[in-house]
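Starting from the known structure of chain A, fit chain B onto it as the hints suggest.
One line per chain: the protein sequences are A and B, in this order. Each residue of the first sequence is one higher than the one before, counting from 1 in the UniProt record's numbering. Each residue of the second sequence is one higher than the one before, counting from 1 in the UniProt record's numbering.
Hints listed in this document are in silico derivations from the structure and should not be mistaken for laboratory results. These numbers come from a predicted model, not from an experiment. Note that CB positions come from ideal geometry on N, CA and C, so glycine has one too. Relax, there's no trap hidden among the hints.
According to the in silico footprint, chain B covers these stretches of chain A (three or more CB under 8 angstroms from chain B):
| no. | stretch |
| --- | --- |
| 1 | 236 to 246 |
| 2 | 268 to 275 |
Facing chain A, from chain B, some residues (calculated, C-beta under 8 angstroms):
| no. | residue |
| --- | --- |
| 3 | ASN11 |
| 4 | ARG39 |
| 5 | GLY47 |
| 6 | ASP52 |
| 7 | ARG59 |
| 8 | LYS162 |
| 9 | SER464 |
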Amino acid sequence: MNLLWLQSGGCGGCTMSLLCADSSDLFGSLTDAGIRILWHPSLSEESGAEVLDILSACAAGHTPVDLLCIEGSLLRGPDGSGRFHMLGGSGRPMIAWVRELAAHARYTLAIGSCAAWGGITTAGPNPAGACGLQYDGEEPGGLLGADYRSAAGLPVINVAGCPTHPGWVMETLLALALGQFDAGSMDALARPRSYADQLVHHGCARNEYYEFKASAERPSDLGCLMENMGCKGTQAHADCNLRPWNGGGSCTRGGYACISCTEPGFEEPGHPFVQTPKVAGIPIGLPSDMPKAWFVALAALSKSATPKRVRENAAADHLVVTPAIRRTGLK
Amino acid sequence: MSRRIVLGPFNRVEGDLEVSLEVAGGRVAAAYVNSPLFRGFEQILRGKDPRDALVLVPRICGICSVSQSAAAAAALREAMGLAVPENGELAANLVLAAENLADHFTHFYLFFMPDFARDEYAGRPWFDAARARFKAVRGTAAAEALPARTAFLQLTGILAGKWPHTLSLQPGGSSRAVSAVEKIRLHGLLREFRRWLERHLFGDALEAVAALDSADALAAWAAARAPTSSDLRLFLEIAADLELARLGRATDRFLSYGAYPLAGTPLFARGLWQPEDGATALFDPADIREDLSHAWLQGDTRHPWRGLTEPDADKAGAYTWCKAPRLAGQVVECGALARQMVDGHPLAHDLVARDGGSVLARVLCRLLELTRVLPAMEAWVQALTPGEPFCAHGALPDEGAGCGLVEAARGGLGHWLTIRHGRIAGYQIIAPTTWNFSPRDAAGTPGALEQALAGLPMDDARKSLVVQHVVRSFDPCMVCTVH
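Isolated chain A, as found in the complex (with noise of 0.2 angstroms):
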């Protein structure tokens, strides 16, 4: 399968996240899995009018692409120009070219919040007219449209994430090329389930915090940081705590919150991104699933419960009381 790689109105980070691959070889396993790079702006070859000719012929029809990558958001200003984008070298906006491309491709994939929604560049006033491929923020639509279809007849898929995963790239790229992916294989925003489903709490760390309510105040404080420092974790599809990320990391192991960033309209959360909004003391944003008067018992409950040592090591960068030793048989 062909694949060919641009990048637009984004940060170039999910490149950068794709090669922190877990992989010994990651060149290696998409050549194995029968994925030929075309052009990649960061790895190939290729410059200049070498590129112009590659992606004139792709989207001609001449060359087949299977896999359309796009990363970073379609910037359709000023004035609808597409301008804020001019594609070096080729004298014409880069959303011309993603429109012509898309046409052909036979899979084409959205490779972060970017691309995806539009992400960072809508946040704010959103200078540079900027949306996703098929979104534009929680709305169907975006460059492509609602009703886009690739080849095979799939909408976008949307690799969501700022950054996105390494691993949530290279499983997609490789369901695709190993035939495994087809619609029922992404959630009703058309990201890929194999990381969508899950959500971000699902394997935190902070779990037992959380159990107990017992909060972070401050930054590097150890407890959970639901209550106070705006995290969204029970509520942001993805399963940033049971895989990690370089290594053994995500936002929650690394003492801050989990904004959503996989989720269209994260950019604007209508808050401080580190600071939970309240009514009445109460989070507004509870888990997802849960009924708020339970959450709000149960809250109560687990607040007065809380164990000494996990309170104190709540307000704590590192741990004060240590659990106690029990013996644990039926003696």
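Quick look at chain B alone, frame taken from chain A:
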């Protein structure tokens, strides 16, 4: 008779780039550098809660993400009047150094060296070795270097949650305290990377390479073993054959904001080196101006405290989205070469004394930083004190201002933040490549790359490898440039 050649898209640079060349008599008469992507982060930031900058600015750039975080944290720190505990400085230095060294490493193996494996160089004595080692995607170096990079960046998994786009760097230090056993793991990761570098990249101890103090010493070191015994020796053989020391001279004015501070003293000094002085001098950030005369932006020349970013795609005479920063009216160059010049490394000084800034000097100083910073990182890990605080805390002022000047892999990065009524009233950013790839200013003086390209041999747009070497020797980051 002159003609105009447009080169682009440039690959193996971060982001998109277009270079227009006026060619006369087989040489570049004038170069015009266009940063063709505008996103508008400075507009996005206005009106936000100041703390939101820590989420937004890393996403300017996926390869300089931590340095953007560090600059924002420093600007907020100044506004909040915080002092960072020693652990916080050590942790922040380690995360920034991990990114900077990974960037140097990525530049050498993935971005820069593959150009010497192109068929245009077939027949050169070193070509077969270069092709086997550095061919894009297929060479043995990429296959070996990527896992080493991945393992090294596991430092960020421990210290920062993930890379890129961490939120662990805080105005008061780090949100991620390190335990005693994690110190051991960090130590192990650093030593593993050191072994890889010493075995493959240098073929010698880091300290031995760091101690090379002249071009002659470097040549003698290179000649002591076969060119194929290490990647640096192979590069030096290529550089000698292609005379990369005589390629790509820009202004020879070098700026560094000072890198990796600890208790008020940076590991690499802060200052300005100019040929007239022949020594590092102080500079005043108040002397920085951004000239908009050739950018698709409205407004007049201003200091970033008062800077504006208002796009105007139809502006006459403009050819890029990049502003033109100047220091006391001068074009300056930043990056690893500038840092080592300002810090007084004898090898950098000797190379510049002989030929000025060059492709060789820029690439070599990046590798030199690998040899100088990794041992410092090993010491920083040992200095971490579990149980002592990693982060100081304080309140944001409703009115205030802060400036954050840090050294990213590619050079000096500045953030200028003003806060009014508890919100961001102004946020201006000057990135390293904004300095290096700036367009002409109102006086018509070209930017650093534009100067470095002038005079290069050029007869065929499809055989522009010399231009490619010069462009990539700056390790440009185009997404940071305009932001």
